[in-house]
Amino acid sequence: RKEVEQDPGPFNVPEGATVAFNCTYSNSASQSFFWYRQDCRKEPKLLMSVYSSGNEDGRFTAQLNRASQYISLLIRDSKLSDSATYLCVVNTSGTYKYIFGTGTRLKVLA
Amino acid sequence: ETGVTQSPTHLIKTRGQQVTLRCSSQSGHNTVSWYQQALGQGPQFIFQYYREEENGRGNFPPRFSGLQFPNYSSELNVNALELDDSALYLCASSWTGGDYGYTFGSGTRLTVV
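The listed protein sequences derive, respectively, from chains A and B.
Going left to right, the first sequence walks through residues 396 to 505 as the working numbering numbers them.
Going left to right, the second sequence walks through residues 21 to 133 as the working numbering numbers them.
Read the hints as simulated data drawn from the structure, not as lab findings.
Heads up, some of the hints might be wrong.
Unchecked claim - Cβ pair distances, simulated, as ranges:
#1 N97(B) to Y446(A): 34 to 40 angstroms
#2 Y446(A) to V133(B): 21 to 27 angstroms
#3 F80(B) to D434(A): 22 to 28 angstroms
To be verified - As a list, the in silico SDA-like pairs of lysine to any residue whose alpha-carbon atoms are at most 25 angstroms apart:
#4 K437(A) to N50(B)
#5 K502(A) to G60(B)
#6 K440(A) to H49(B)
#7 K33(B) to R83(B)
#8 K440(A) to R35(B)
#9 K397(A) to G121(B)
#10 K437(A) to P28(B)
#11 K502(A) to R83(B)
#12 K440(A) to R83(B)
#13 K397(A) to N50(B)
#14 K437(A) to F65(B)
#15 K437(A) to Q61(B)
#16 K440(A) to G78(B)
#17 K397(A) to D104(B)
#18 K437(A) to P90(B)
Claimed, not checked - Taking beta-carbon pairs under 7 angstroms as the criterion, some of the chain B residues facing chain A (in silico):
#19 A58
#20 Q61
#21 P63
#22 F65
#23 Q68
#24 N79
#25 S106
#26 A107
#27 L110
#28 F124
#29 G127
Here the structure is a predicted model, which is why all the values come from computation and not from measurement.
C-beta: ideal position from N, C-alpha, C; glycine also.
Please construct the entire structure, taking both the sequences and the accompanying hints into account.
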């Protein structure tokens, strides 16, 4: 089983739609969680950290469920510019490495 | 504040050759991590450097080695290149272990022929 698993997609959604991605992780000792966005042939960029209480940044909402060991990302009112690959990232506090999922591709259609 | 810079941006090498990739960390960051990203995959952790010492290593063979310099910049060296080493190599810098997120450079795209 992979340490971090994501549905690779692609998710094709119309502009204005709401879309959600889930990600599961296998290490119950994981402490830090992030969503990164990666545009085609570019580097990953931090979208948002994920906190236990859930957090929101504009149209983006991230949730963490420790009991079921998954995190989610909700995008409301999708824009064409949201088209990208969204990478789920997990880090165990006190360790040195981030574990990335394979990413979920999102394509927002006009 | 300067971001993470990597050089070169693209590189073509022949199987069996050696390559050195370079990374300058973001100002104020003391930790550098290297990742390999194959096409269609997520980045895979190679190793991390903190205070000029290797601070952890992923599942990569010893022909992948690195250095960190006093100014926190870093190099990734790969010996005896194989075709499967073709990938995007990403450098990420952070303050300490990265609990607050990494900043990635734009990467070096290595093609081994």
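To see whether the hints hold, each was checked on the structure:
no., hint, in the structure
1, N97(B) to Y446(A): 34 to 40 angstroms, "holds (38 angstroms)"
2, Y446(A) to V133(B): 21 to 27 angstroms, "violated (46 angstroms)"
3, F80(B) to D434(A): 22 to 28 angstroms, "holds (26 angstroms)"
4, K437(A) to N50(B), "holds (23 angstroms)"
5, K502(A) to G60(B), "holds (15 angstroms)"
6, K440(A) to H49(B), "holds (16 angstroms)"
7, K33(B) to R83(B), "holds (15 angstroms)"
8, K440(A) to R35(B), "violated (31 angstroms)"
9, K397(A) to G121(B), "holds (22 angstroms)"
10, K437(A) to P28(B), "holds (15 angstroms)"
11, K502(A) to R83(B), "violated (38 angstroms)"
12, K440(A) to R83(B), "violated (29 angstroms)"
13, K397(A) to N50(B), "violated (30 angstroms)"
14, K437(A) to F65(B), "holds (17 angstroms)"
15, K437(A) to Q61(B), "holds (13 angstroms)"
16, K440(A) to G78(B), "holds (21 angstroms)"
17, K397(A) to D104(B), "holds (20 angstroms)"
18, K437(A) to P90(B), "violated (28 angstroms)"
19, A58, "violated (10 angstroms)"
20, Q61, "holds (6 angstroms)"
21, P63, "holds (5 angstroms)"
22, F65, "holds (4 angstroms)"
23, Q68, "holds (5 angstroms)"
24, N79, "violated (11 angstroms)"
25, S106, "violated (14 angstroms)"
26, A107, "violated (12 angstroms)"
27, L110, "holds (6 angstroms)"
28, F124, "holds (4 angstroms)"
29, G127, "holds (5 angstroms)"
Violation of the numbered hints given earlier is confined to hints 2, 8, 11, 12, 13, 18, 19, 24, 25 and 26; the remaining hints are satisfied by the structure.
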